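Use the sequences and the hints to build the structure in full.
2 protein chains.
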Amino acid sequence: MSVKFAVLGHGVVGSGVVELFYKNKKSIEKHAGNEMDIKYILDLRDFPDSPYKDKFTKNFDDILNDDEVVSVAECLGGVEPAYTYVKACLEKGKSVSTSNKELVAEKGDILLKTAKENNCNFFFEASVGGAIPIIRPLHRCLAANDITKVAGILNGTTNFILTKMYNDNMPFDEALKLAQQLGYAEKDPTADIEGHDACRKICIISSLVFGKHVYPKSVFTKGIKDIQLCDVEASDVLGYSIKLIASVVKLENGKILPSVMPTLVSYDSVMAGVNDVFNAVLVYGDGIDQAMFYGRGAGKLPTASAVLGDVIEAVKHRVTVFSQSWEPAADDSFIEKIENFKSKWYFRLPGGSAIEGVEVYNNDNGLSYITSEELTFAEAEAKAKECSALAYLPVLE
Amino acid sequence: MSVKFAVLGHGVVGSGVVELFYKNKKSIEKHAGNEMDIKYILDLRDFPDSPYKDKFTKNFDDILNDDEVVSVAECLGGVEPAYTYVKACLEKGKSVSTSNKELVAEKGDILLKTAKENNCNFFFEASVGGAIPIIRPLHRCLAANDITKVAGILNGTTNFILTKMYNDNMPFDEALKLAQQLGYAEKDPTADIEGHDACRKICIISSLVFGKHVYPKSVFTKGIKDIQLCDVEASDVLGYSIKLIASVVKLENGKILPSVMPTLVSYDSVMAGVNDVFNAVLVYGDGIDQAMFYGRGAGKLPTASAVLGDVIEAVKHRVTVFSQSWEPAADDSFIEKIENFKSKWYFRLPGGSAIEGVEVYNNDNGLSYITSEELTFAEAEAKAKECSALAYLPVLE
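Chains as they are written, first to last, in full-length UniProt numbering: chain E, 1 to 397; chain H, 1 to 397.
Don't take each hint at face value.
[Unchecked claim] Derived Cβ-Cβ restraints for the label pairs, each shown as a range: (1) E:Val358 - H:Met1: 56 to 62 Å; (2) E:Asp49 - H:Asp331: 43 to 49 Å; (3) E:Ser218 - H:Asn34: 31 to 37 Å; (4) H:Ser50 - E:Glu339: 43 to 49 Å; (5) E:Lys187 - H:Met1: 57 to 63 Å; (6) E:Ser218 - H:Thr190: 53 to 59 Å; (7) H:Glu373 - E:Lys26: 31 to 37 Å; (8) E:His317 - H:Lys337: 37 to 43 Å.
[Claimed, not checked] Stretch by stretch, here's where chain H covers chain E in the computed footprint (C-beta under 8 Å, at least three residues): (9) 25-38; (10) 144-155.
None of these hints come from the bench; they were simulated from the model.
Being a predicted model, the structure only gives us computed values, none of them experimental.
Glycine included, C-beta positions come from ideal geometry on N, C-alpha and C.
Written out as structure tokens, the structure reads:
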């Protein structure tokens with residue numbers, strides 16, 4: 001008898017899950033080691049032309065109370081009602097696979113605990129990096145490593161805008177408008193360009209890697225809207241690309257330091273070649289040195305691919321996967337203050353002359369260079385104030 | 001009580017497994033959900049100064065006949081005696097994790113069958129791409145996809161040599177000598193530079209993705225020793241880098257076409273930024289579009305990281321993971337002939353004049369360009385003969 005699952009939400013991702021499942025049903029069933037089928041699709045809207053119209057329900061209780069449904073794909077987005085639904089499913093022992101980064105970033109610890117208590121799984125591969133397998137590789141394939149740092153391009157919209165600024169010399173406003181026209185950016189693009197979306201994702205990665213829940217409000221987050229074409233030009237000449245980097249570092253004092261900032265990435269790094277809407281996550285560990293995962297960070301089928309990968313896992317292994325978990329955090333004392341963030345820095349200073357031993361780029365927009373020494377965030381800020389810097393940005397190690 | 005495993009071989013990889021395990025024992029045990037320890041290390045040599053000298057044995061039967069040993073890390077290399085040992089372990093229900101690409105490429109189908117029959121696992125994450133998680137992501141995270149193509153830089157030695165040729169204008173022979181000095185290439189570098197190593201790895205990937213055992217002898221394999229600096233220069237001007245690409249494509253006729261060839265990769269592709277000894281694997285699927293996995297393809301701790309990741313999985317899940325498997329192949333009729341391989345091609349022709357509608361690079365070494373149309377391998381070969389081509393290479397799509 002086939003194993004039944006339900007899809008919550010028939011928006012972009014949810015409809016993608018249904019489409020991809022029926023397209024590749026045979027091979028998916030082979031991977032799962034079971035025949036499978038979708039029994040319900042939850043949506044308040046009507047889809048009279050859908051080939052699966054008989055599966056639609058507007059009543060969540062139909063799914064919750066049907067013992068035949070062993071697994072649920074949550075593709076609603078937002079914290080509520082997703083949280084209530086997901087928690088209820090887990091309490092009934094139904095595993096949940098979600099693409100919902102707000103939900104995981106805000107409620108991950110509680111939902112992981114609920115899953116564990118009810119001997120089922122809360123999976124969230126699709127919540128970070130869309131199609132890119134990152135959650136499972138991080139806690140499974142790299143399980144033998146002491147992971148010291150993770151740095152990622154985790155937002156496709158801002159990466160598209162920055163790519164346009166670099167490749168086509170397009171000002172920020174124009175590139176944003178183009179992203180909106182192409183459907184890469186929302187009408188209200190705040191969550192993307194201010195870095196909130198990338199922040200949620202680095203919270204999920206930080207929680208997973210370091211074992212304690214990291215809330216978005218604890219993470220210093222700066223977006224890309226102040227990036228100017230003259231800094232694009234200067235960094236390019238110096239051999240760097242500006243990317244919105246979400247990172248988390250494990251410090252010697254035992255604390256972790258997550259942050260989201262526009263950051264210079266050397267053209268020698270494979271990360272500099274991550275362009276357009278693509279995402280990438282670079283992981284540093286004592287065994288692997290470094291590994292990078294690259295792919296589409298959003299979109300209907302890419303995100304659906306990740307959700308379904310989790311549904312397959314849930315159908316195959318119907319006991320809790322303990323390692324994919326973290327503890328609630330009583331406070332954020334394990335998170336280091338941004339003032340102690342350390343890196344080399346890019347500065348653009350008004351006018352100015354040559355600086356000894358450092359390559360500079362000098363034109364009407366000022367003098368640009370990269371410090372030869374590392375400075376803390378606090379030191380860089382003080383220096384910027386002292387020199388009336390026109391721009392200053394960290395450089396990825 | 002702690003779960004015991006054994007390490008076969010105390011060479012580069014085997015000693016790395018021991019070192020990394022004891023370094024990160026606590027977190028490894030957390031991931032595995034069990035206390036763990038190494039009970040035996042098999043090696044014919046003596047290691048009187050090792051802190052683990054009490055664990056060494058020269059007698060494989062000590063390991064085979066000890067029921068406390070539930071999992072074995074095989075780091076011997078080569079087909080024998082590895083094959084005999086691994087098969088015996090699996091027949092006793094001991095899961096095996098291996099870094100041995102020769103073994104998997106030659107005997108994978110038999111060993112997977114043996115594992116299945118004895119309800120244990122034969123894992124081989126470390127046999128392809130060293131530290132890079134690729135086997136598990138391919139068959140787990142991407143399980144919802146119809147995978148249409150995989151293309152990889154799967155040999156670090158040749159990638160190091162090609163990087164030196166590009167970045168430092170170093171001739172092939174000199175770059176090879178440097179690779180040998182740095183320990184990246186063997187004294188007899190044949191397996192690397194002739195492409196045999198990359199061939200074994202694409203055989204493993206092909207078998208896993210398409211479900212039937214692909215033997216190295218069925219795969220057209222060409223190495224990099226004929227690559228000349230003038231082709232490096234010309235391809236660079238045209239916007240491409242030459243990489244040794246091992247790939248496998250699923251064709252419309254249902255066959256697959258694996259091959260290993262020096263191939264031009266556009267600078268617009270993230271693959272072009274994979275330099276030095278790093279490896280990368282690009283996967284195309286109908287859900288994900290494309291995803292890339294990047295990292296160190298060899299080395300003591302990187303390879304040990306992958307072996308240990310598998311050991312952890314084996315300890316955690318002591319039942320067969322069915323999906324990570326493939327069938328024996330009665331013949332190679334499911335493999336398309338290389339003559340039907342299709343791509344655009346790079347040609348360097350003697351002398352010659354402008355070609356309409358195509359960018360060319362012309363100097364004393366000849367006229368270089370990339371065809372605007374795709375040609376089959378057979379067509380490219382015929383054209384090369386007709387025009388007395390000095391060089392011709394495929395271009396990665």
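Okay, the hints, checked on the actual structure:
| no. | hint | result |
| --- | --- | --- |
| 1 | E:Val358 - H:Met1: 56 to 62 Å | holds, 60 Å |
| 2 | E:Asp49 - H:Asp331: 43 to 49 Å | holds, 47 Å |
| 3 | E:Ser218 - H:Asn34: 31 to 37 Å | holds, 33 Å |
| 4 | H:Ser50 - E:Glu339: 43 to 49 Å | holds, 45 Å |
| 5 | E:Lys187 - H:Met1: 57 to 63 Å | holds, 60 Å |
| 6 | E:Ser218 - H:Thr190: 53 to 59 Å | holds, 55 Å |
| 7 | H:Glu373 - E:Lys26: 31 to 37 Å | holds, 35 Å |
| 8 | E:His317 - H:Lys337: 37 to 43 Å | holds, 41 Å |
| 9 | 25-38 | holds (count 6) |
| 10 | 144-155 | holds (count 3) |
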